[in-house]
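Sequence lines, in order, name chains H and D.
Take 5 as the starting number for the first sequence in my numbering and just add one per residue.
Take 5 as the starting number for the second sequence in my numbering and just add one per residue.
For the record, the hints were derived by calculation from the structure and aren't laboratory data.
There could be a bad hint or two in this list.
Copies of the same chain are indistinguishable here, so a pair counts whether it falls within one copy or spans any two.
Below, in silico cross-link-like pairs of lysine-lysine (DSBU-like), each with a Cα-Cα straight-line distance of 35 Å or less [unchecked claim]:
| no. | residue 1 | residue 2 |
| --- | --- | --- |
| 1 | Lys275 | Lys234 |
| 2 | Lys275 | Lys201 |
| 3 | Lys311 | Lys267 |
| 4 | Lys233 | Lys275 |
| 5 | Lys241 | Lys275 |
| 6 | Lys311 | Lys180 |
| 7 | Lys233 | Lys201 |
| 8 | Lys233 | Lys17 |
2 protein chains.
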Amino acid sequence: MRDVAIIGVGDTKFGELWEHSIRDIGMQAGLSAVSDANIAGEQIEALYIGNMAAGSLIEQEHLGALVSDYSGLSALHIPAVRIEAAGASGGMALREGYIAVASGMHDIVMVAGAEKMTDVTDEEIPTIQMAGGDQQWEGISGSTMASLFAMMARRHMHEYGTTRENIASVPVKNHKNGAMNPNAQYQKGITMDTVLKSPMVADPLGVFDCAPISDGAAAVILAPLDIAKKYSEQPIKIVASAAATDTLALQHRESLTRIDSIKVASRNAYKTAGIGPKEIDVAEVHDSYSIAEIISIEDLGFFEKGKGGPATLEGMTEINGVVSVNTSGGLKARGDPMGATGVAQAVEIARQLRGKGEKRQVNNAEYGLSLNMGGTGGTSVVHIYRRL
Amino acid sequence: MRDVAIIGVGDTKFGELWEHSIRDIGMQAGLSAVSDANIAGEQIEALYIGNMAAGSLIEQEHLGALVSDYSGLSALHIPAVRIEAAGASGGMALREGYIAVASGMHDIVMVAGAEKMTDVTDEEIPTIQMAGGDQQWEGISGSTMASLFAMMARRHMHEYGTTRENIASVPVKNHKNGAMNPNAQYQKGITMDTVLKSPMVADPLGVFDCAPISDGAAAVILAPLDIAKKYSEQPIKIVASAAATDTLALQHRESLTRIDSIKVASRNAYKTAGIGPKEIDVAEVHDSYSIAEIISIEDLGFFEKGKGGPATLEGMTEINGVVSVNTSGGLKARGDPMGATGVAQAVEIARQLRGKGEKRQVNNAEYGLSLNMGGTGGTSVVHIYRRL
Chain H
5 MRDVAIIGVG DTKFGELWEH SIRDIGMQAG LSAVSDANIA GEQIEALYIG NMAAGSLIEQ
65 EHLGALVSDY SGLSALHIPA VRIEAAGASG GMALREGYIA VASGMHDIVM VAGAEKMTDV
125 TDEEIPTIQM AGGDQQWEGI SGSTMASLFA MMARRHMHEY GTTRENIASV PVKNHKNGAM
185 NPNAQYQKGI TMDTVLKSPM VADPLGVFDC APISDGAAAV ILAPLDIAKK YSEQPIKIVA
245 SAAATDTLAL QHRESLTRID SIKVASRNAY KTAGIGPKEI DVAEVHDSYS IAEIISIEDL
305 GFFEKGKGGP ATLEGMTEIN GVVSVNTSGG LKARGDPMGA TGVAQAVEIA RQLRGKGEKR
365 QVNNAEYGLS LNMGGTGGTS VVHIYRRL
Chain D
5 MRDVAIIGVG DTKFGELWEH SIRDIGMQAG LSAVSDANIA GEQIEALYIG NMAAGSLIEQ
65 EHLGALVSDY SGLSALHIPA VRIEAAGASG GMALREGYIA VASGMHDIVM VAGAEKMTDV
125 TDEEIPTIQM AGGDQQWEGI SGSTMASLFA MMARRHMHEY GTTRENIASV PVKNHKNGAM
185 NPNAQYQKGI TMDTVLKSPM VADPLGVFDC APISDGAAAV ILAPLDIAKK YSEQPIKIVA
245 SAAATDTLAL QHRESLTRID SIKVASRNAY KTAGIGPKEI DVAEVHDSYS IAEIISIEDL
305 GFFEKGKGGP ATLEGMTEIN GVVSVNTSGG LKARGDPMGA TGVAQAVEIA RQLRGKGEKR
365 QVNNAEYGLS LNMGGTGGTS VVHIYRRL
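Chain H extracted, bound-state conformation (with noise of 0.2 Å):
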């Protein structure tokens, strides 16, 4: 397999969009990411998009064909292809784009993620989210993601006492990056305080500890690392690819409190890059609900199990802490247009690795890493960066 580099990046703003159709917010980040690139668009041998629900959302599948279409490249025939892993459709997208590189099968891919979730009414939403849960047995009893989450905060704050202080600590952070991002749904730090009285809903989680419903697309362009050079100033490698699953349904699962598909994506990914979490300077990952970002920073191995909490509220995921977390704002403040987040998360990471994070660059980011997951773990796709 060949190595293969990001060579260009591009997103939209992420927010409320009425104004723009899922056309426009996918033709906005590809065409961002084609001029980075210093590619023209013609150079694009294949697309690969990320979204999880344009079906229910707004009654269109086919969205490969149509970004190819939209993108003004229909004349080129090249191969396009919608990727979906729930939450996670965004990373494996970039998954698959990388694969198609890696193989030699292509040379410059453009992976994007898009999603317009605002076309339906917030009372749609439970059950399209639902959809990357288990409906049979999970969906059918009424369960939503936000009280899967919920049933996963109570257990960890159970078995290792972890706060609701610790938990609200993720949207507090979180916020507080996002305020830095130009491109976040939310650019506005929040107290303690406002994320503990934040209406409730599915104890312990509030609306602050919940990410938002969004409209937005991000994208990259990949190519062999051998001619990224020819492109890119800055390309960034990637190190590392892998995907795994567990059970859709939580109540299948061995424990409440650990999601194995990060801890199998993560491993293999640590493996193939030859490093291990220590190496880590600056990591998105997938804060759809504040517990999951908890969660996650222990099963990556940044943190002991059960120490997440307290290094949260102490900071040490902060910008410039141990390792720094979700300085986009991640899934709270950034937003969460959920087959965007995946590529999305590429896209800050590989700003950061180029040292254009602007007022939240983390200081000399050598490595990277992106987690992305589907429901509430059923997929987690895991991805390792490094500077040239």
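Based on these hints, arrange chain D on the given structure of chain H.
Only chain D this time, still in chain H's reference frame:
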């Protein structure tokens, strides 16, 4: 890139499978392929699942993890992903699985396609099918897939003198073939008269020109060619895998009687395989509507443009004709569970090249081809296979 072979195939009966969930049929096809490949399920390193619209049909996305889970593979935490390209989802899943093995990322990979279409009312189906077309330009004005293919048919009649009987000869042939396929949805021959007098769907196409609504699943096991003989006495080599796109909306194309994604994908596939259309002995093509088969056999190069209709009526695409087309019964008689179709095509070709086509066996078949299409040709995926 490494050479890749199919070492096992499996499928379910296609039809109205009221008594089975998508989990059941996915497992049934998968287990049958595993058994055919003489492997243990634990040897599977990754899953690629072709599915078009489970989000809309059964409110369930995340089918990669779901199939892994319900196949009892969750304890192995293998990577699993759903691939979607509308009606070409199965063929595209085969292509992504092929790339994963060719790259060296994985050795033994299962590609499965599954769709459960009968859990919604018949009234909901046209909208879900149109999610493979262009909702913004076509669906919004009330176009259905049938109406779009009807326009292609009318224009083909106008430009090339194709007759209603030419078009109707497609379902007549495919029902004849389906009658010899024990897993086909319709195992009954029909007459030309049945087609011509069938209730009108969209002029000139009647009910018997349209593939049915189906449940079903199919699976293939892929392995590097150099170890394929270890498992299978008759591995089938995939000699080319190509995909191409076109505009989603018919109205944006230069011609209504040509599908450029088929032309580009097949041209690229022939080039990789080092053969031309004349070498193909057996082909499964995408007869979602009868006219689609006629356009396909022209754009694949089997017959000159405008000659596909007469060729079919004259029996040139019957079993042991010039090229044996849709020996399985095609989408019309075998059934069309959308995401399963492309994988079922590969299953049929593998059976033919192994000489396991039973009553519908093509004499001495060496080269096979499958063409799986999404929408009106927004995506086409072509694979070429060779007997070893």
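Going through the hints against the structure:
1. Lys275 with Lys234: both (29 Å within a copy, 29 Å between copies)
2. Lys275 with Lys201: Classified as neither: same-chain Cα gap 42 Å, cross-chain 65 Å, threshold 35 Å.
3. Lys311 with Lys267: So Lys311 and Lys267 pass the 35 Å test inside one copy only (16 Å; across, 58 Å).
4. Lys233 with Lys275: Intra 26 Å, inter 31 Å, cutoff 35 Å: intra and inter.
5. Lys241 with Lys275: both (16 Å within a copy, 32 Å between copies)
6. Lys311 with Lys180: within (22 Å within a copy, 67 Å between copies)
7. Lys233 with Lys201: neither (50 Å within a copy, 64 Å between copies)
8. Lys233 with Lys17: within (28 Å within a copy, 52 Å between copies)
The structure does not agree with the numbered hints 2, 7 stated previously, though it agrees with the rest.
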